[in-house]
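Participant: These protein sequence lines map, in sequence, to chains F and E.
Be aware that the first sequence starts at 74, since it is given in the working numbering, and climbs by one per residue.
Be aware that the second sequence starts at 74, since it is given in the working numbering, and climbs by one per residue.
A couple of the hints might just be wrong.
Identical copies go unnamed one by one, so any copy, or any two together, can satisfy a pair.
Here are the simulated lysine-lysine pairs, DSS-like style, with alpha carbons at most 30 Å apart [stated by the list, open to error]: (1) Lys128 / Lys225; (2) Lys194 / Lys235; (3) Lys89 / Lys238; (4) Lys89 / Lys116; (5) Lys104 / Lys238; (6) Lys373 / Lys89; (7) Lys367 / Lys412; (8) Lys444 / Lys89; (9) Lys238 / Lys84; (10) Lys128 / Lys115; (11) Lys307 / Lys333; (12) Lys301 / Lys116.
Derived from the structure by calculation, the hints contain no laboratory data.
2 protein chains.
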Amino acid sequence: MDNFNFYNPVKILFGKGKITELSDNLPEGAKILFVYGGGSIKKNGIYNQVVDNLKGFEFYEYGGIKPNPSYESCLGALDIIKEKGINFLLAVGGGSVIDATKFIAAAALYEGNDPWDIVGKGAEVKDALPIGVVLTLPATGSEMNINSVMTKKETAEKLPFKSQKVYPRFSILDPEYSFSLPKRQIINGVIDAFIHVMEQYLTYPVDSPVQDRFAEGVLLTLIEEGRKAVANEKPDYNNRANIMWAATMALNGILAVGVKSCWATHAIGHELTALHGLDHAVSLTIVLPGLLDKKRNERKEKILQYGERVWNITEGTDDERIDKTIEKTESFFNELGVKTRLRDYNIGTDTVDFIVNRYKNRGLSAIGLQKDISLDDVKELLMARL
Amino acid sequence: MDNFNFYNPVKILFGKGKITELSDNLPEGAKILFVYGGGSIKKNGIYNQVVDNLKGFEFYEYGGIKPNPSYESCLGALDIIKEKGINFLLAVGGGSVIDATKFIAAAALYEGNDPWDIVGKGAEVKDALPIGVVLTLPATGSEMNINSVMTKKETAEKLPFKSQKVYPRFSILDPEYSFSLPKRQIINGVIDAFIHVMEQYLTYPVDSPVQDRFAEGVLLTLIEEGRKAVANEKPDYNNRANIMWAATMALNGILAVGVKSCWATHAIGHELTALHGLDHAVSLTIVLPGLLDKKRNERKEKILQYGERVWNITEGTDDERIDKTIEKTESFFNELGVKTRLRDYNIGTDTVDFIVNRYKNRGLSAIGLQKDISLDDVKELLMARL
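Just need the whole structure built from these sequences, with the hints factored in.
Facilitator: The structure is reproduced here in structure tokens:
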């Protein structure tokens, strides 16, 4: 096992009705900016529940954050923060709203000229406004981590930043808040969480049985619960609760301790989303099977372990088992109703070339935290996904 | 899944050489009381490494904390704290040293007359001195939780207390620090962690697949790594690292979220230790098989799941599978060199009667967090373990 530091002070308030604990968890005298998305929370009643539980607090609203949240869409919040003296941000939504709120929190106290530098140039986040979260969509794990992914429309870039300063102080996770979501969004969340796990798990062995089994446990749960979510005619509380907790555990850092993470599937997927507007989860399902196939020799040991423990594949030669494992993974995504080929989205070789050239222009010769995915690998694995 | 709150802000610094990060994690101007045990850290070099990394800080020492730490042995620390103006406690040791340090931290700021009330009467811990930990013995999980178990010699009582105020600020977990331990202590740690998991897992199903699989993952790891620890002639880094991380994860709260914990095995085991000085782990191995057998009907579903997923027991009637599962569990403890019967320790019916009567005198009619272990159950399960 590799050396590591682990620190995650996010307080989780999990279960139905937990919104009633909101005000107890806000700092006294908080002046709050209530950040949300496209307005679905006004239709499903969550907006009213939040407002009811903000009684006694001064708060302002900033709605309209869209999926794949943009730098441009956050700038208005910075004006309100300055004008009203906001000292606490409350994100009510899914990963996009939370990620945007994290950026706003850091940008509000950023001392440089251009807050995009936090994302684009990795400028240090020295401080950030405190954040609370009310989660409405299980998927990204942003409610319990330091990560944010932001898009700059001007340049069609989608890039991550991370800072311990943007850890939420608390996150309210009420599975019932996911009941009014379209099934497609639940499925996307399951897939997103699934691939978060894979990025931390499916790399190189370091003799880490606890981490491996935790990862496999989350994967198995997402498979079972994802299938139930598809089959259920009406939302089921336990099903949604298990998906929500699995998605949070998938990316709160506990699976990544002491192991070799990758994140190349996300890096390439972000490019597809930035260029073609693909759903984040969809972009990942296209890339992952290609990446596993491309790295089948280098990552053989973990692919075989994953195949055996998650898909019960124990027979055949190593290559046959790897083939079956990749096939099972892709058909699981298909079973959830997602198409997993570039051609399904009218994306062709020109995009593949564009992505590889853009990496080159950024001075990269390989991607992934282990720097084991060369630009040739990127090209070949995407070509195999046409 | 039941509703829950989860909050664990302990910073973990894991791996060889992590002691060099000690001073960076101490508050500026800390006046430190360095608390330790019987002096083995002076022989194995850990003491010197700690002192080397306390350069620039004013610190005092308080050694001599013994296993099953006593209230009486902590009182001297309170005098030093007052006299020297100590504002930070550094626990260097295993669960006993950490638990004692937690009690000292709470007692130092306790406003009532008798700090034992924190344990004996559950008096509220309103504040506590901050604590840092250097772990030398993987077992109790105390390095990443709010729990402490203290013994009062005067009355031969061993009782727990818990408070978020005694969460360590950081814990340094260097697997090499366990290399000089006698094998028996490593084994005891494996067993202690194993039963910590069982107390949270082996009760009643609540549709919690993530928590269940995490629990099973820790159990499987402890079985594999426990066997390796017995077989290894010399300490192996990865083996010790995996035991250390498994023991921490076994009781940092993550396995307990939303499920129905029990802790009756510990409650009864504490009585055996308080009365007869049994090793904590040994006391648990005596009680657990009896408790599983006694609750075989009520807890059938989880026992069958545990038998199947951890011991691969899938054939026979339910009762046959339960028998095999309990047998496998007990023989694992035996395989690790632990005797699991009361008679092995010259304990007889008089002790059983004494324990049951003491529960009665404390006004209890049942024990365990689910209050499903009646005093008759306690009596019968212990009689079956003679």
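Participant: Against this structure, judge whether each hint is valid.
Facilitator: Going down the list of hints, with the structure as the test:
no. : hint            : in the structure
1   : Lys128 / Lys225 : neither (36 Å within a copy, 48 Å between copies)
2   : Lys194 / Lys235 : within (12 Å within a copy, 45 Å between copies)
3   : Lys89 / Lys238  : both (28 Å within a copy, 27 Å between copies)
4   : Lys89 / Lys116  : within (19 Å within a copy, 54 Å between copies)
5   : Lys104 / Lys238 : both (19 Å within a copy, 28 Å between copies)
6   : Lys373 / Lys89  : between (42 Å within a copy, 28 Å between copies)
7   : Lys367 / Lys412 : within (20 Å within a copy, 52 Å between copies)
8   : Lys444 / Lys89  : between (43 Å within a copy, 25 Å between copies)
9   : Lys238 / Lys84  : both (15 Å within a copy, 15 Å between copies)
10  : Lys128 / Lys115 : within (18 Å within a copy, 58 Å between copies)
11  : Lys307 / Lys333 : between (39 Å within a copy, 27 Å between copies)
12  : Lys301 / Lys116 : within (26 Å within a copy, 58 Å between copies)
Violated hint for the displayed structure: number 1, the only one.
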